[in-house]
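Chemist: The residues making up each chain are set out below.
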Amino acid sequence: MSKRQSAALDRKKFFGDPVMVITIVILFIFLALFILYPLSMLLVDSVLIKSNDLYSVGAYAGDAERVYYTENGDVAAEENAQIFALLTSPDGSLPDLLAPLYRSTGLFAAKAQLKDAGGALYLKVVNSQDKSAYIALGDLDAVAEVPLTYQANNRLVRDMNGIDPATLCVHIDSSSWTLDTFPRIFKDYTFNNALKNTLVLGGLTGLFSLLIGLLFAYVDVYVHIRSRVSKRLFDVVSMLPVVSPPFVLSLSMILLFGRGGLITRKLLGIYNSDVYGMWGIVIVQTLTFFPVVYLMLKGLLKNIDPSMEEAARDMGASRWKVFTTVTLPLMLPGLGNAFLVTFIESVADFANPMIIGGSYDTLATTIYLRITGGTYDINGASAMAVVLLFLTLFMFMIQKFVLEKKTAATLSGKASRVRMLIEDKSVRYPLTVLCMGISAFVVLMYIAVPFGALFKLWGRDYSLSTRWFEQMFREGGWKAFKDSFLLSIIASPITALLSMIISYLVVKKKFHGKGLIEFVSMLAMAVPGTVLGVGFIRGFSGGIFRTGFLQSIYGTGAILVIVFVVRSLPVGTRSGISALRQIDKSIEESAYDMGAGSGKVFMSVTLPLIKDSFFSGLVTTFVRSITAISAVILLVTPRFLLITCRINEYAEKGEFGVACAYATILIAVTYAAILIMNIVLKYFGTSRVAKPSGE
Amino acid sequence: MAVQNKVPKGVKLDHISKIYKDPKTGKDFYAVHDVALDIAPGSFVTLLGPSGCGKTTTLRMIAGFESPDEGEIYLGGEAINALTPNKRDTAMVFQSYALFPHYNVFDNVAYGLRLRKVPKDEITRRVTAILKLVELSGMEQRMTNQLSGGQQQRVALARALVVEPGVLLFDEPLSNLDAKLRVQMRTEIRRIQQALGITAIYVTHDQSEAMSISDQIILMKGGVIAQMGSPMEIYYHPVSEFVADFIGECNFLKGQVVSSSGGTTVIQLPAGKAAVSTDKVSTPGEEAEIVVRPEAITIAETGMLPCKVELSCFMGSYQNYHVRVGDTLVKITDNCPVNRRIFSVGEEAYISFDAACAHLL
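So the sequence lines, in the order shown, correspond to chains A and B. Numbered per the numbering used here, the first sequence finishes at 704, counting up by one with no gaps. Numbered per the numbering used here, the second sequence finishes at 397, counting up by one with no gaps.
I should point out that these hints are in silico values taken from the structure, not numbers from a laboratory. The reader is advised that the hints may include incorrect statements.
[Said to hold, decoys possible] Simulated crosslink set (DSS-like; lysine-lysine; CA at most 25 Å straight-line):
(1) Lys309/B - Lys518/A
(2) Lys518/A - Lys48/B
(3) Lys519/A - Lys57/B
(4) Lys63/B - Lys609/A
(5) Lys22/A - Lys153/B
(6) Lys367/B - Lys517/A
(7) Lys12/A - Lys60/B
(8) Lys22/A - Lys57/B
(9) Lys57/B - Lys257/B
(10) Lys21/A - Lys123/B
(11) Lys330/A - Lys488/A
(12) Lys519/A - Lys168/B
(13) Lys48/B - Lys63/B
(14) Lys415/A - Lys48/B
(15) Lys620/A - Lys517/A
(16) Lys12/A - Lys57/B
(17) Lys594/A - Lys60/B
(18) Lys22/A - Lys523/A
(19) Lys519/A - Lys123/B
(20) Lys63/B - Lys519/A
(21) Lys594/A - Lys309/B
(22) Lys21/A - Lys57/B
(23) Lys21/A - Lys257/B
(24) Lys57/B - Lys523/A
(25) Lys123/B - Lys517/A
(26) Lys518/A - Lys63/B
(27) Lys465/A - Lys330/A
(28) Lys12/A - Lys153/B
(29) Lys488/A - Lys662/A
(30) Lys63/B - Lys523/A
(31) Lys465/A - Lys311/A
(32) Lys415/A - Lys311/A
(33) Lys257/B - Lys22/A
[Said to hold, decoys possible] In silico negatives: residues of chain A with every beta carbon more than 12 Å from chain B:
(34) Ala16
(35) Ala17
(36) Tyr455
(37) Arg476
(38) Ile571
(39) Lys609
(40) Ala677
Computed from a prediction, not measured in an experiment: that's the story for all the values here. Yeah, the Cβ is synthetic: ideal placement off N, Cα and C, and Gly gets one too.
With the sequences and hints as input, model every part of the structure.
Modeler: Written as structure tokens, this is what we have:
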């Protein structure tokens, strides 16, 4: 018996549906090009080493205007003749090289520097007829094509200023495969320190977020809260981090507790407080991430059947005993899950360590500094990015495949009935007060930001003024808002549609490579923004595979939009998948059976049924994009001003007033977006989502 | 009513098979094996069988959702194996109705016509006519979630009918309705099918539904056809114990052939002799099994075979007996027993049945 016939027929039917085939092909290309390819380039860069051999070039100082010289002083090689540079190793350790110049040497970058030296320089070259000639270096820049492997090192040329040009040196690049980079960075103090810092930070943030999140979830689900205000406060606190850009808390931390902090200096009179460093980041990250834990655990606690705990109580266990012997063990996989989610978030976080980290560098910031700083160590940065990637991937795999399954296994199904809430004052008061305290603190932190923008000079002069807003708009504020807004608004529909298509294909269709699509779109969830940013630099700055193809998108808005799309795709896809699983497959089959092709089925049946998910994907992408920083900060060029990068810039310069002005408006924009979403979902959302029936 | 303008098509399954992989063992097995069928245009054929017998898979192969591993499917004489569902001249009524929840009744029914780019006024005319046929006139603007189960069922039927398919497919369409509505709807479906003269293939596991609705029943088991024929053939002349048992209740009496001539075969049972009318000629001494329906047996103080009553239960319209004949348990439904003697548990009695009502396996 063989399935060959049905396989052949299925293939025929599949290819009889061109809309779907084209969609899948485009999807594959997109995912491969913008997720798999940049990440694999990182891997390549970490093991493919460019060696730099030093050669000196026969080059002479002179004053003639002419371009080519032979040894006799005649004009050299005719048009299009092949010419070579004679390269000799100064210490004699390397054999002489004839570098084919293709009418260029790659030394063009040296031109400006050499002109500064005051004299014209000539490069001794040998043409294909073995005649030597001298090329005036001043003309080399006119030649466009640069042989890839022969590139001059700018710095060495710069060192030549005013020196005898006869010793002009070039570095000849060649590539070789090696695993040396990893031992090298593992011996590198900066890297080791950053790795240690990252892990410590992840652990501490994970732990504290877990504790606070658990406290909030427990109080919310188990304890009777009388006042409506505190309920409302819980909601606000759990929503704030979603609305706010990632580094807002860092800003307010500095404003409130920094050296000129409102609380430290004004209220407590401490003049030497130092928020920069590990504890600063831990506090800020904990306050940013604990709401995620709170929401996760709240869902789990609600699923615990109260009768189990009542049974334990009935057998004589105290409330604390019930918590430690029943509730906690049931929650254990869920707790582990929440811890890892926070850990990954913390490890991938770029903005907070950047702003409040001080000298406490994490992997994300170290990679950023390696690339943007003076030491342009691309191999090192790539290797570090690979380490960071594998770290998060590993955690992600454990979380996804071990803990999530276990959580579902222990806590599935619904509670059989309503839980008796704890009325006991000795439990209620301390827990509620603790939660209220933390909530109030979080709210205070957020309130500090707009005031930071409104006070004349934080720490000195607390009178209201619009000077920071004025400065913001004077220094490119409008452009920043326009650019950020425009790029995010372009990314939103693309992401929303793409993630709905991916979910549709993953849930409803059968084809080869479906697993790959699912895996890659999930992978993007585990990739830290910094890693993706480095991957894009390495993958696209020289075009695809350094061939120059698609190089034109590098440095444009398109690449920023693509990054936004890639960063938000997993979130949209996840919500799309869960929405689609709710829809009976025969609804689509029936449309298909009536004569609609895949494209028509998707547009006329599937999409309308999951339009809530589509719409929330739209807004989520917008919010995530406009507040994104980690990946785009590596890719943004002066052509585009992004709000988040501006905030980072001003915060680095210590101009917190302007940073706060930007952040205030950014929060307002994102909050408005979410508000609009809620209104639209409320009035136009469907409650008629079809549930699977029968079977 | 001139709703259906097209000529119905016949369906031919030319020895089709479908292979699936067992998710537990990882081994391939035949979900449908060598099913050969020739369905005449305009007839109502039911695929009947227990769950897992391959009936739904067969239907989905005809619709095009699954591809056969062996054999070819013909619709109106045209081989359609390689056609996608949307290119096939079929329309399916789903178990879950599969109505589009974001459309109202009219738009649901009009969906297929709009895909076919039918002019607007013709759509209105045809949808109105078909809604009248399924007795849903005036409900055009209702959303589907405002309809009862039976009404949703009618919309699903109308949606499939309105495109005038060459063949109409039903995948257990009534299993989500309550018992009373089920009976009503099946009569309705049969009425509409007859009115339009459309070819229909109907999948169900409910034997009474199959009996009442079909021109022909194809009983399946384990992926193969166990028997096909008219409801009456299948009921009175089952070819196997499985068929006999699946279609209604049945008693099996084992014995040896004593004589076989002139259309009557006499069987020696442990408790006595019994005659069966059959075309089959058997040699004396051969093992044989008599199949006889519970309602074909009478119980009295005298008769063919002695028995002992083990259960006697009043069911309203009939008296239900379980009696022991030799070692065999025999079920009897005695209709309208009021004027006859009712036997109680433990009593000795005799059973008899007419030779024409029994059947020999």
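Chemist: Hinted pair, alpha-carbon criterion (25 Å max): Lys415/A, Lys311/A. Please report holds or violated.
Modeler: holds, 17 Å
Chemist: Are the Cα atoms of Lys22/A and Lys523/A separated by 25 Å or less?
Modeler: holds, 17 Å
Chemist: Would you mind confirming whether the straight-line C-alpha gap from Lys620/A to Lys517/A stays at or under 25 Å?
Modeler: Roughly 17 Å between the alpha carbons, so the hint for Lys620/A and Lys517/A holds.
Chemist: Given the hint that Lys257/B pairs with Lys22/A, does the C-alpha gap stay at or below 25 Å?
Modeler: Not satisfied, since the Cα-Cα distance of roughly 29 Å exceeds 25 Å.
Chemist: Straight-line Cα separation of Lys519/A and Lys123/B no greater than 25 Å?
Modeler: Distance of about 19 Å is within 25 Å: holds.
Chemist: Below or equal to 25 Å on CA atoms is what counts here, so check Lys518/A against Lys48/B.
Modeler: Not satisfied, since the Cα-Cα distance of roughly 28 Å exceeds 25 Å.
Chemist: Are the Cα positions of Lys465/A and Lys330/A separated by 25 Å at most?
Modeler: Violated - the C-alpha atoms of Lys330/A and Lys465/A are around 54 Å apart, more than 25 Å.
Chemist: Check the hint pairing Lys57/B with Lys257/B against an upper bound of 25 Å on the C-alpha distance.
Modeler: The hint holds at about 18 Å.
Chemist: Tell me if the straight-line CA distance from Lys465/A to Lys311/A falls inside 25 Å.
Modeler: violated, 48 Å
Chemist: Are the Cα positions of Lys22/A and Lys153/B separated by 25 Å at most?
Modeler: Since the Cα atoms of Lys22/A and Lys153/B sit roughly 23 Å apart, the hinted pair holds (cutoff 25 Å).
Chemist: Does the structure keep Lys21/A and Lys123/B at a Cα separation of 25 Å or less?
Modeler: With Cα atoms ~13 Å apart, Lys21/A and Lys123/B stay inside 25 Å; holds.
Chemist: Decide if the proposed pair is consistent with the structure: Lys22/A and Lys57/B, CA atoms, cutoff 25 Å inclusive.
Modeler: Given pair Lys22/A, Lys57/B holds - Cα atoms ~21 Å apart, limit 25 Å.
Violated hints, listed in ascending order, are 1, 2, 4, 6, 11, 12, 13, 14, 21, 23, 27, 28, 31, 33, 34, 35, 39; each of the other numbered hints is respected by the structure.
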